[in-house]
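J.: Sequence:
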Amino acid sequence: MTPAQLVRELTSRGETIATCESLTAGLVAATLADVPGASAVLRGGLVTYATELKAHFIDCSVEHLEEQGVVSEATACEMATAAGQECGSTWALGLTGVAGPDLQEGHAPGTVCIGLWHESGFVESETVTGLPGERNEIRSGAVTAALSLLGSSLESFSPNREQSD
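Just so we're on the same page, this note's numbering is the position in the sequence shown counted from 1, plus 3.
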């Protein structure tokens with residue numbers, strides 16, 4: 004789904020979205036906000052670029068983050084959950100990863116972990132590797148991947164039925 008389609012779908016469902024972003028530094032929220040009518044669905048976005056700010060926001064220690072990995076699906080899910088709960092949204096996305104040019108925790112530039120949270124408690128995550136290009140191209144690719152995950156979940160998720168793996 005395009006950003007405009009996501010905004011229309013969320014609006015038609017009466018649902019909202021929030022973000023907690025690291026490597027994308029607010030680009031997911033900004034991409035949605037570019038769509039006319041986004042104010043009906045975009046609750047807010049948080050940029051937690053620094054590790055200690057991530058730890059503070061998701062209410063854990065820096066040591067905990069370093070143990071599980073700042074660049075991990077677990078951290079992305081914790082970021083999404085915190086954003087959704089803090090912003091009072093139906094859905095939330097959390098993104099962490101490596102825009103480059105250097106490795107982080109042994110992860111190459113172009114590695115992105117995305118967490119998706121729904122107020123029902125449903126959580127999904129994915130890791131994207133090998134996003135090509137320089138920093139801004141990687142960040143743009145991360146936005147596309149995150150919005151794609153949201154779109155596919157909107158197409159398949161019904162909060163009134165049990166989810167199967």
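Hints listed in this document are in silico derivations from the structure and should not be mistaken for laboratory results. Since this is a predicted model, take the numbers as computed values, not measurements. For each residue, glycine too, the CB sits at the ideal point set by N, CA and C. Heads up, some of the hints might be wrong.
With beta-carbon atoms standing in for the labels, derived distance ranges [said to hold, decoys possible]: (1) Ser143 to Cys63: 36 to 44 angstroms; (2) Ser42 to Ala77: 15 to 23 angstroms; (3) Pro39 to Gly109: 38 to 46 angstroms; (4) Cys63 to Ala111: 34 to 42 angstroms; (5) Arg16 to Val65: 22 to 30 angstroms; (6) Ala111 to Arg11: 17 to 25 angstroms; (7) Glu69 to Glu12: 32 to 40 angstroms; (8) Ala7 to Asp105: 19 to 27 angstroms; (9) Gly91 to Ala7: 32 to 40 angstroms; (10) Tyr52 to Gly91: 29 to 37 angstroms; (11) Leu106 to Thr14: 16 to 24 angstroms; (12) Glu108 to Gly136: 18 to 26 angstroms.
J.: Do the Cβ positions of Ser42 and Ala77 conform to the proposed distance bound of 15 to 23 angstroms?
T.: violated (32 angstroms)
J.: Taking the beta carbons of Ser143 and Cys63, is their distance inside 36 to 44 angstroms?
T.: Taking Cβ atoms as reference, Ser143 and Cys63 lie about 29 angstroms apart, which means the hint is violated.
J.: Please test the hint of 16 to 24 angstroms on the beta carbon pair from Leu106 and Thr14.
T.: Violated - the Cβ-Cβ distance for Leu106 and Thr14, about 41 angstroms, lies outside 16 to 24 angstroms.
J.: Taking 32 to 40 angstroms as the stated bounds, is the beta-carbon spacing between Glu69 and Glu12 within them?
T.: Holds, since Glu69 and Glu12 (Cβ atoms, about 37 angstroms apart) stay within the stated range.
J.: Using the Cβ atoms, figure out if Tyr52 sits within 29 to 37 angstroms of Gly91.
T.: Since Tyr52 and Gly91 have Cβ atoms about 23 angstroms apart, the given range 29 to 37 angstroms is violated.
J.: Is 32 to 40 angstroms respected by the C-beta to C-beta distance linking Gly91 and Ala7?
T.: violated (24 angstroms)
J.: Does the hinted range 38 to 46 angstroms hold for Pro39 and Gly109 at CB?
T.: About 42 angstroms separates the Cβ atoms of Pro39 and Gly109, which means 38 to 46 angstroms holds.
J.: Kindly confirm whether 19 to 27 angstroms is satisfied by the beta carbon distance between Ala7 and Asp105.
T.: violated (35 angstroms)
J.: Taking 17 to 25 angstroms as the stated bounds, is the beta-carbon spacing between Ala111 and Arg11 within them?
T.: Between Ala111 and Arg11, where Cβ atoms are some 36 angstroms apart, the hint is violated.
J.: Does the hinted range 34 to 42 angstroms hold for Cys63 and Ala111 at CB?
T.: violated (25 angstroms)
J.: Is the gap between the beta carbons of Arg16 and Val65 within 22 to 30 angstroms?
T.: violated (37 angstroms)
J.: Does the Cβ distance between Glu108 and Gly136 fall inside 18 to 26 angstroms?
T.: holds (21 angstroms)
Consistency note: the structure conflicts with the earlier hints numbered 1, 2, 4, 5, 6, 8, 9, 10 and 11.
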